Every structure is written in structure tokens, then in C-alpha cells.
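**Q** Okay, here's what each chain looks like letter by letter:
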Amino acid sequence: MKRSTRWIELSELDENRAAQPPKFGHRARRSRSTWPSFVAAMLAVVASTSVFAQSDTQFTKANQEFAQGHFKEAIAGYEALVRAGQWNANLFYDLGNAYFRTRDFGRAILNYERAIALDQHHPEATANLQIARDESRALELQPTRLERYLQFASINQYGIAAAIAFWVGIFGIVGLIFARRQSAALILLSILCLLVCAMAVWAIHTLDNGSRGRALAIVTGNDVQARLATADTANSVLALPPGSEIKILSTRGDWMYAALPNDLRGWIQTKNAEQVRL
Amino acid sequence: MFQRISIAFLLAAACIDFAFADAPSVTAVLSNSEATVGETVELQIKVAGPGDARPPEEISIDGLEIHSTGTSRQFEIHNFSTSSSVTYNYTILPLRAGRFTIPPQTVRAGGKILRTPELALNVADAPGRPPPTTTRPGRGTQSAQSQSTNAGDLVFAELIVPKKTAYVGEIVPVQIRMGFDARVHPRLTEPPDITGQGFTAQKLQQSSQNLETINGRPFEVVTFKTAIAAARAGKFEIGPVKAKAQVVVPRKRNAPRSRSPFDLFDLDDPFSDPFFSNPFAQFGERRDIQISSDPVPLEVKPLPPNAPPSFSGAIGSFTMATDAKPKSVQVGDPITVTTTISGRGNFDRVNAPLLEDDRGWHKYPPSSKFKQDDEVGISGTKTFEMVVSPNENKQSLPLLAFSYFDPAKEQYVTLHSEQTAITVQGGAPQPAVAGQPPSSSPATAARGRPPAPNSIKPQDILYQLTEPSRTVASFEPLYTRRGFWAAQSIPLAALLVFAGWKIRRARLDDREARRIGALQHEAAELMHKLRRDDASPREYYAEASRVVRLKAALASGNRGIDPNVVDAETAAETFKLDTDSRDRLRRLFEQNDEWQYSGTHNGPGRISPENRRDVLELIENLK
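If you read the sequences in order, they're chains A and B.
This note's numbering puts the first residue of the first sequence at 1, with every later residue one more than the last.
This note's numbering puts the first residue of the second sequence at 1, with every later residue one more than the last.
Since the hints were derived computationally from the structure, they do not count as laboratory data.
Fair warning: this is a prediction, and the values are worked out from it, not measured in the lab.
Each hint can be trusted.
DSS-like mimics (lysine-lysine), calculated; alpha carbons at most 27 Å apart, straight line:
#1 LYS225/B to LYS163/B
#2 LYS112/B to LYS46/B
#3 LYS409/B to LYS163/B
#4 LYS369/B to LYS247/A
#5 LYS225/B to LYS164/B
#6 LYS235/B to LYS225/B
#7 LYS409/B to LYS225/B
#8 LYS363/B to LYS247/A
#9 LYS363/B to LYS271/A
Okay, chain A solo, but in the shape it has when bound:
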């Protein structure tokens, strides 16, 4: 009896809502607060679509400039997109090509490296990077044997593997805590997962701080000399052709201390090199 009465009340309420807009009540308040959010979301979608459309236009225009041989204009167009944060591997690859055509091999190599940093398996960027290096005789940092082995996966892949292994291991341990009988298989699985997690974290640390890690920079200036001290008159350690790889160790004013090819170290002016990872 009570149940049927309640049903009648609800059905009446629904009819009232259909007839006139609700003025009071919890659902009415929620509906009122959802509207601005919905509108904001829609505006964001529209804005992002607009931005994408605009960037597409700019990208197409830069490509047309490139095709017409106006490489400086093409570079300006690509650089504008880079400054706008519309980063993707193809953009950096095309920008690298534009710099290559202007014979600025340092920046060409820098942008190919950026394309590869965003997409580890970018075949065009890899091929053009090799050509640019041959042209400029750029020097490369030699990764350690360990780094070479660890580079079969990217840092992001190691990150995902570490997260999955961690949670599987933790679930296994929680299951073991509440289980009536301790399963040897579950114990082994948990230990294995936590080991995989630890190894993945170690691989991330090794790669991130390695020769191709976050400190990797490319020499973009011409006639760059790495020096023993932070002075133009200091003795030269190594002449670095444009596009040479260095690893920034520390920065002091306008100078940065870097690990150089051939296991050397020296000071380079910051204006002569740019970091690969933006």
C-alpha cells in the first residue's frame, strides 16, 4: 500500500516536470549547475576544433611554401606552429627538412631528433637524420652498451610496464594477506611483478639520464668550440660541427657544461646548442 502511494507521488512529480520547468528540489539544482559545464565543454570542443583547423591551415600553407622552394617562409610557418605548442613528429620532421634545404644542418638535425623523440619509429626522420649528419659531419654521443640494450623500448613503454607490474604485484600481495591459504603461485607472481616494476623504473632512470635522455642537446651554431673554461679565450677541448650531440651537465650563466663526443667534457655557450626535448 505504501509502495503504491510512493509510486503515485513520483509519477505525479514526473508529470509536473514535463509540464513546467522545475523550480525547486535537488534535481533542479543539479540541472542548473550542469548547464554551464556543458556549455563550457562544448565551447572547448569548438575552440579546440577551431585551433586544429587553424593549425591545419597553417601547416598546409607552410607545406605549400616548402613545395614552392620558399624555405624560409616555410620555416617561419612551422616554427609558429611549434611555438603554439602544436607538437607532433611530422611537424618537426618537415621543419627539419626545411632547415636542411637552407643548409642549416644543425637545426635540421635538431628537429629530426625532436621528431624521433616524439615518435621513436619515424622512418623518414631517421633516414633524413642520417643524411644530415653525413652532410655536416656531426659528432654523436656514444650510448653505453646498457643504454643500447634498454633502448628496445621507450621511456613511456617502460612507464606503462612499471605501472601495470606494480598494480598486479600489489593486488597479489593484498590477495595473499586475505587469503586463507598462501598460494605459492600468487607469491611468485607478486614478487615477479614487483621485480619487473623495479627494473622498469631503473630502465627509465637510466634512459632518462643517459646520452639520449632529457639532457640531450644539439649544437646549432657554426664553428663551435667546446672550451676548458667559461671564456672565449680558454683552451679548446673539441671543435663541434653543427648537429653534434652533447649532453648538458650543468648551466652557469651563458655557458653550459656538457659531456661531449669522445668522452670529453667542456663548456659551450648556451646560444650554440638547443635541447632536444622542449
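Fit chain B to the known structure of chain A by using the hints.
**A** Chain B alone, transformed into the frame defined by chain A:
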């Protein structure tokens, strides 16, 4: 008593032995039979044997000054054998060069007249040595003398510069000799330092330490080596060399003392102090002294003009050798050219040789390593490794040129490497027209491995990618992004749910276990009561039916039947009883109802043992 006898025996033995000792004898020795003018030699006349001895009278020889410096006596007992001797000491100072003979001297000993053997002393002029006065020990120690009159005679410093003239940048080897009287236990507190301006000095290296006799006195001479290079032309004074040391000198005494054998001319030799003859008689005094040498003049000339292009400032005398590997390469392959420059000079200014004609070659910065052959790095071998790669077909390596200034010849010298033939494959043929430079532009030169000679094309980059990307990528690693860590909240929430579910399930299991335990406990208690025969029929049937309900509830398992709602039919169904047992169970529940609700029973007031046995048997069979 025994001790007295022993002493007396020993004294008697000594007297007997002394009485029958050998006859007295005399010997005479010179501390050195070769000497130079001004260098003192010691003469010792030793008279061995019993009895008093009288020393020889004054020894007088033309050209030698001989002075008696004292007498010493020795008395020794060895295995009950005694011996005594007297030594007369003389110091001989040669005044001129020549061969001198010291004739036999007459000595009276033990009532006998003894004669010493004839001795010969060869005296030479002092070649390149300082005068026989205390010049050397005292030289260059002005500041030391100002601090300690005695210490000034104990140390000296000497700066030896082998050249009087040099060129700007030329390396001049320099030697510093520091001498300390061997008896002063010297300790350098500050190493020697060459003062002066207009030159650079390399780090001092201690090369040797030996004992030398200077003016008849032993000196510990420490030799340091370094090299200096003048920074500009002009006349300079190198030095003085300054150093600080601590030495031990005897304390000053007010009382007159006997003269030392070294103190011939009353020069107040500090070692005439008894401290040095008997260190335990009194203690010496450690003093800080400053040592300095005389400066040495050096004239520095500028380098002549018109230096060759490959001159990098190297001054000295050098030779050059070149090698290259491999000698057969493809265009673009690296060739390591090793150049070895050996010799003597300022190796810090020796740079890698230059390619005389680098057209058609790409060169990388050279590396160098230096292996020095001496202590200060003036002579050695500097090896340069330079990587060059041909941009086109070549038959030989480019010539290398290295220039230096030879101060001996006073002219620039340019060394050239020998022509090294190589084979370069895969490149376009070298232009036959002399003077027309081949293109050195990297863009036009072939790279990598061309398929066939004479068809080299510059490798071009791949096409543009015109397809726009819909996704915006990030250089930040995944683990630094907020989204990654926000995503971890999903498995975290799942973990919390999982843990909560596990905890709730454990609690439920625990509650059920406690309920079953309570039912089992109650059933056991009731069974215990039923086995006793002191209960009234009302209580007995109530407890019996309660046990049946409990057992039925326990047997229901997961269904979790409440024992209070179990009736006869439910219990019979639960235990799947046969008809007979079912009837008996039904009758048990009926009797219980009768006793509970009517308060009386149709039967007797007490339960017969047969009935009890029957009920117990029924209950115990409920499984």
C-alpha cells in the same frame, strides 16, 4: 763474600793480562791522500800499547799548515784482554798545490822510541770550486745570517742557468742546488721559489739528493730542476731563489769552548760546540732560516719576423714522423693520420701540423698526447691523431707541415711529411686540370657508399609529410604527466574496493563461524543434560526438541536455518529420516508441545528409562 772474590779475580786477571800485553806500536793515517788547495785533511797518529806516550813535536812542512787539534784516549776490555791507545789528531791545510811528503815522526811510548810511517799527500788546485774560505756555505744566505749568525754557515742555495741569452718563449732548463750542513738535520718548510718577473717557470721537480764534501764539511745537497720561458724580450734577472728551512743549531754558550778541528781560522764554527761531539751533553735549538741565492741575469731576444704559416710558437729542435691508416678507403671514409713530433723544446706550444692543401678533404679536430722524456717536460714526444676523410678520389694524403724556431740556428725550420700514397674508391675522378680546385662543398660531394664510381649523386632527403596530425604530442615522459598519476587512482580505487570486499567477507565468515560454534556448544550442553536422569519430563522433552532444532540448524549448512523455527517436518527433511524415525521425531515434538502448553501429559509423571534411551538414540542418530 763470593762477590768480593770474583772482583778480586777479575782485577788480578786484568793486571796479569796488562803485564803481558803486546809491545807499543804506532800508526799514522791521513783522512784523504788527495786534496785541493784550501781543503783540509785530517792526520791521526795512533799509539797503541801500555805506558805513557809522548806526542811528536811540532810538524812543520813547507806548503802545509799543520795544527794539533787534540788528543783522545781509548781503553778497551775484550774477554779479559785489555788494550789502550792514544790518538793524536792534526789538521793539515794545503796552502799550495804539489806533492807533499809527511816524514816519519818520532813518538816515545813505553820507554821506546817509535817512528810513524812516511805519508804522501797530493794537493791539486781547486778546479772550478769556490775559494777555500766559507764562501759557498755562506753565499746567498744573507737573510739567514741576519737571523742566526751560526746558521748562516750551514746552508747555501745556488741557481744554475745554463744560458745567458734566450728567445721569447724558449724553454731554458734551470737547476737549483740547496746545500745543508749534514749535522743540522735540515727540514725544508717552504720549497724553493724562483722570484722575478717577465718569465714563467714550470713546476719544480726534485731530481736528486746526495752528500757532498764542501770545504771539508759534509753537505746534503738537494737538486731541483725546472724550466723557465721568457714572456717578453729584454734583460731580466732570474731569481733569487728563496726557500725556508728549519735547522738544528747549538745553543749559545757564554763560557769559552775548545775550537773545532774545522774552525781553523777562528770563524766561530758552530760545530765546535760540544753538542755535536756529544749530542746527549746538551740539546740543540731548532731555528727557522730563510735561504736565498744570487740572481742570474738573462737576456731575452725577440723572435725574428716572417714566421712561416704553420709556426705555432714551437721553439727548440724537433723531428717529425707521419703515418696513416688505412691506406685504402672509400670516399667519405675516415683515415687516421698519426704525426709524431719528437725533440726538445716548448711542447706546450707544439700544435698539430697543418694540411698544406686540404681541398677535397674533410678534417676533424686532432687529438694529442705528450710523453715526456725528462723531469720537466722539455724533451719528449708529442703524438697527434687527426682524422681526415676524402671528399673525392685521391691518390695521396695531403702534405703536413710543422714549423718551429731553432734557437741554435737562429732561424725558422719547417718540417714536411713524406708523400703517402693512398687508394680512394667510389669518388669522382680528380680534375686533371691543375689549379682548378675540386669542389669541397659537402652538398655536391658524394656521401655514403655509391653504387658505382663515376655515377655519384648527392643523397637527398626524403619527401615532406603533408598529412596533419590530429594529436598533440609531448616531450614529457609519461611518468611526469598528471594524467599518468591520475590514472593510477583507478587501480588504487579497485584495490581499495577489493580490500574492502575481502575484509567484509572475512568478517561475515567470522560471524557465521561464531554462530555455528555457539550452536554446537549449546547442543553439547543439552546432550550432557539429557544423559542425566534428574530432569523433569517437561524439561527433558524441551531440551530434547531443542537439541533436534540445533542439530537441524547446524545440518542446514549454508541455508542458515534459525533453530527457533525448526519443526519436526523441517528436521525430518533436513536429516532425510525414514518413516519410523520421522514418526518418532514427530511424537517427540508433540510430547514437548503437550508439556509446554498444557502443563501436563497423558502418560506417567516420570520418563521411563526406555523412553530416555529411545529419545537419546533418536537424537544421536540425527546426522
